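2 protein chains.
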Amino acid sequence: MSGDLARDMLAMGAAARDAARALREASAETKATALTSAAAAIRAHATDILAANAEDLAAAKDLTPAMRDRLLLDEKRIEAMANGVEDIAALADPVGRELARWQRPNGLDIRRIATPIGIIGMIYESRPNVTADAAALCLKSGNAVILRGGSESARSSAAIHAAMLEGLRAAALPETVIQLVKTTDRNAVGAMLQGLNGTIDLIIPRGGKSLVARVQSEARVPVLAHLEGICHVYVHAAADLAMARNIVLNAKMRRTGVCGAAETLLIDKAILSSHGLPILEDLKNAGCEIRGDDAVRAIFPAAKPATEEDWRTEYLDAVITVKAVDGVDDAIRHIETYGSHHTESIVTEDARAAERFLAALDSAIVLWNASTQFADGGEFGMGAEIGIGTGKLHARGPVGVEQLTTFKDVVRGTGQARP
Amino acid sequence: MSGDLARDMLAMGAAARDAARALREASAETKATALTSAAAAIRAHATDILAANAEDLAAAKDLTPAMRDRLLLDEKRIEAMANGVEDIAALADPVGRELARWQRPNGLDIRRIATPIGIIGMIYESRPNVTADAAALCLKSGNAVILRGGSESARSSAAIHAAMLEGLRAAALPETVIQLVKTTDRNAVGAMLQGLNGTIDLIIPRGGKSLVARVQSEARVPVLAHLEGICHVYVHAAADLAMARNIVLNAKMRRTGVCGAAETLLIDKAILSSHGLPILEDLKNAGCEIRGDDAVRAIFPAAKPATEEDWRTEYLDAVITVKAVDGVDDAIRHIETYGSHHTESIVTEDARAAERFLAALDSAIVLWNASTQFADGGEFGMGAEIGIGTGKLHARGPVGVEQLTTFKDVVRGTGQARP
Chain Z
-7 MSGDLARDML AMGAAARDAA RALREASAET KATALTSAAA AIRAHATDIL
43 AANAEDLAAA KDLTPAMRDR LLLDEKRIEA MANGVEDIAA LADPVGRELA
93 RWQRPNGLDI RRIATPIGII GMIYESRPNV TADAAALCLK SGNAVILRGG
143 SESARSSAAI HAAMLEGLRA AALPETVIQL VKTTDRNAVG AMLQGLNGTI
193 DLIIPRGGKS LVARVQSEAR VPVLAHLEGI CHVYVHAAAD LAMARNIVLN
243 AKMRRTGVCG AAETLLIDKA ILSSHGLPIL EDLKNAGCEI RGDDAVRAIF
293 PAAKPATEED WRTEYLDAVI TVKAVDGVDD AIRHIETYGS HHTESIVTED
343 ARAAERFLAA LDSAIVLWNA STQFADGGEF GMGAEIGIGT GKLHARGPVG
393 VEQLTTFKDV VRGTGQARP
Chain L
-7 MSGDLARDML AMGAAARDAA RALREASAET KATALTSAAA AIRAHATDIL
43 AANAEDLAAA KDLTPAMRDR LLLDEKRIEA MANGVEDIAA LADPVGRELA
93 RWQRPNGLDI RRIATPIGII GMIYESRPNV TADAAALCLK SGNAVILRGG
143 SESARSSAAI HAAMLEGLRA AALPETVIQL VKTTDRNAVG AMLQGLNGTI
193 DLIIPRGGKS LVARVQSEAR VPVLAHLEGI CHVYVHAAAD LAMARNIVLN
243 AKMRRTGVCG AAETLLIDKA ILSSHGLPIL EDLKNAGCEI RGDDAVRAIF
293 PAAKPATEED WRTEYLDAVI TVKAVDGVDD AIRHIETYGS HHTESIVTED
343 ARAAERFLAA LDSAIVLWNA STQFADGGEF GMGAEIGIGT GKLHARGPVG
393 VEQLTTFKDV VRGTGQARP
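Chains Z and L are the protein sequences, given in the same order.
Be aware that the first sequence starts at -7, since it is given in this note's numbering, and climbs by one per residue.
Be aware that the second sequence starts at -7, since it is given in this note's numbering, and climbs by one per residue.
Treat the hints with caution; some may be incorrect.
Stated by the list, open to error - To give a feel for the contact side, a few chain L residues facing chain Z, derived at Cβ under 7 Å:
1) Gly99
2) Leu100
3) Ile239
4) Arg304
5) Leu385
Rather than coming from a laboratory, the hints here were simulated on the basis of the structure.
On a predicted model such as this, the values are computed, not experimentally measured, just so you know.
For every residue, glycine included, the Cβ atom is placed at its ideal position computed from N, Cα and C.
Based on the sequences and whatever the hints tell you, model everything.
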């Protein structure tokens, strides 16, 4: 890394530390003002943002249609981005909430109060709207943020960042509350992963497997991981057929590119013909490729054979792997062996089987008779999410503003000394 | 690392994974039975444990008196250890608690349920009682644990571990729920820090600076850090004199070797003579060495000059650094510059000054008119603690059984698919 880059990055860290101190004590009103002003600035500068995005698109070579779509902004997407920032502004302030309160026999009064984490390093890839979403979620939760987006969306992100800064100025908050790393030098990411001299409290990576793998191997600070969603739907022997057809089709095909999309379908052997066949027909008719084990291929010859690798794969595409299982324990065993602890659903009318499934699995989200595509902060009523956490520490499942806070214990006494 | 050691450590990880699965579904009664049986076994094997401890003490060379005291067990300490395990057995089960519940407009019912973290790697130094305490806290919170104690207490820890295994057997839980690394090869610690092939969910280091530094630089899994307690007491201009004398003396001298002991005293300049002088006399009479800034030394010439390093030092001894400050903002600035975000106390009758102090500081515990030595899980009413967390993620302050859990979202539907 060049000395200049190293110096610039450390300066960002130091500036973020000062900004975090100011932000920690900012009122709920100040933060909401900053966000509504930022939303207005996004709308006011829509033309600039679209022009920057057009430059990004023109400069980008060798993009797949999916990548191009992720990078593309249009008026509708800009309006959605502004609305998203306003929705976050309207959320209850997560800072200062009393999470618990208790008294001790000696008269000490203890309150557990939600506080900001401090400084968040956000490392993401091509979607430029993450610049607005992540900045708004961090600001609302009282955290200074250092954003490092993908190089292919650098101009779009810079234009969106400029609008966010207008919001900060309108609320008289330091502009260093939301900093954007503008260099495309990948060493900047390395510097963030080292923690910028102890200033970064948490790294949140959003992106493909290689980004997340790099972050997890290099980071010297805590990481809020958003790993793969190898999500399962298990159609139990006592499933209602119509419900099972509806849920499986939705879980797989509503949107195939989201982390809550189902990748593997488990069906009890006893209902392979009665339920499995119509479900597989639905999927095939919707354009989904089916890969199955021997039992599945025996009743549905159009299915390709599933390999060992298939059970471990997050397709994010119109492909599903289907396995016939011997009841709920066999389903649980499969999910624990091959799953990624993201989201799993059981479809059944048998409450005992459902409760066993819900209790035994160790995933962030477990559902009974509902689609895995509900794995989403908006659908959970959190307003917005910075992602779906697949780790076990601090935050799991849809991570909204509340999970972007920590707490401190505030103890009020009357002169107590410890015996 | 030898191939044998690497293989043995990975086998411990794999065994812990199976044990964690069994433990996750164990009932509250089963876990309580295991713990009360373990406590009984500690008492029944007191002679064996004392004999093992005598061997450790005989083998240990070059121990300071403080280290020797940490290593030493006697009948009273063994009884305290058994009582501690029984106290943990009697706590409410932290697993399965409903942390939140809400309904969505589409009828989905979401419950956030506390669950075990999974597998905890506990790396500690000489106190052998940590073997019982940590094992009991992890078991109560449903976590399998891999314990790696200090080599100087290896025989004592093995004897205590044997008693804990009796408890597991009495409850028909797998013995691999509580595993002890018996080799003194330091590479075993390195293997744990690499995560044992993805099995360790959390590393908790308890020990001196060099251990914690090694863990933080090498760990590839989340770490629940217990760093230094550079704790401050701030005597504000409106402090009650008698209360301030009592709190400062207690905060520094009750026990000097605990992380909640005060290391720095801040006193408002306006009351340096009226309050500072009697407080410093109290400390001196109690055998405390005083290091001061120029203003303090002007009124208390017996004080040695404080160096820049002193303000950053956790003495864990009868030494205190004292600084005269210009009001609450100056005190906050000092604590933010030199503190370790552990525990800070303000002594004042002025509610506005107190609230400013409590709100502005970013420490895990902030107190008003109470001693910093209350920074303790038992004093907080948590029954027992695995330590005082100084990080910001997941757990902070006294870490008891509740903070050794995570959660999952359990969603019950009636066939909902996402629009």
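Task: Hint validity - L:Leu100 Cβ closer than 7 Å to any chain Z Cβ - done: 6 Å, holds
Open item on the list: So, as I understand it, the hint says L:Ile239 touches chain Z; can you test that by seeing if any CB pair is closer than 7 Å?
Closed with: Holds, because the Cβ-Cβ distance from L:Ile239 to chain Z comes to roughly 6 Å (cut-off 7 Å).
TODO: Verify the interface restraint on L:Gly99: the C-beta must sit less than 7 Å from at least one C-beta of chain Z.
DONE: 9 Å, violated
Task: Hint check, L:Leu385 versus chain Z [nearest Cβ-Cβ separation less than 7 Å] - done: 4 Å, holds
- [ ] Have a go at the L:Arg304 hint: is there a Cβ in chain Z nearer than 7 Å to its own Cβ?
- [x] 13 Å, violated
Figure legend: structure checked against the earlier numbered hints; hints not met, in rising order: 1, 4.
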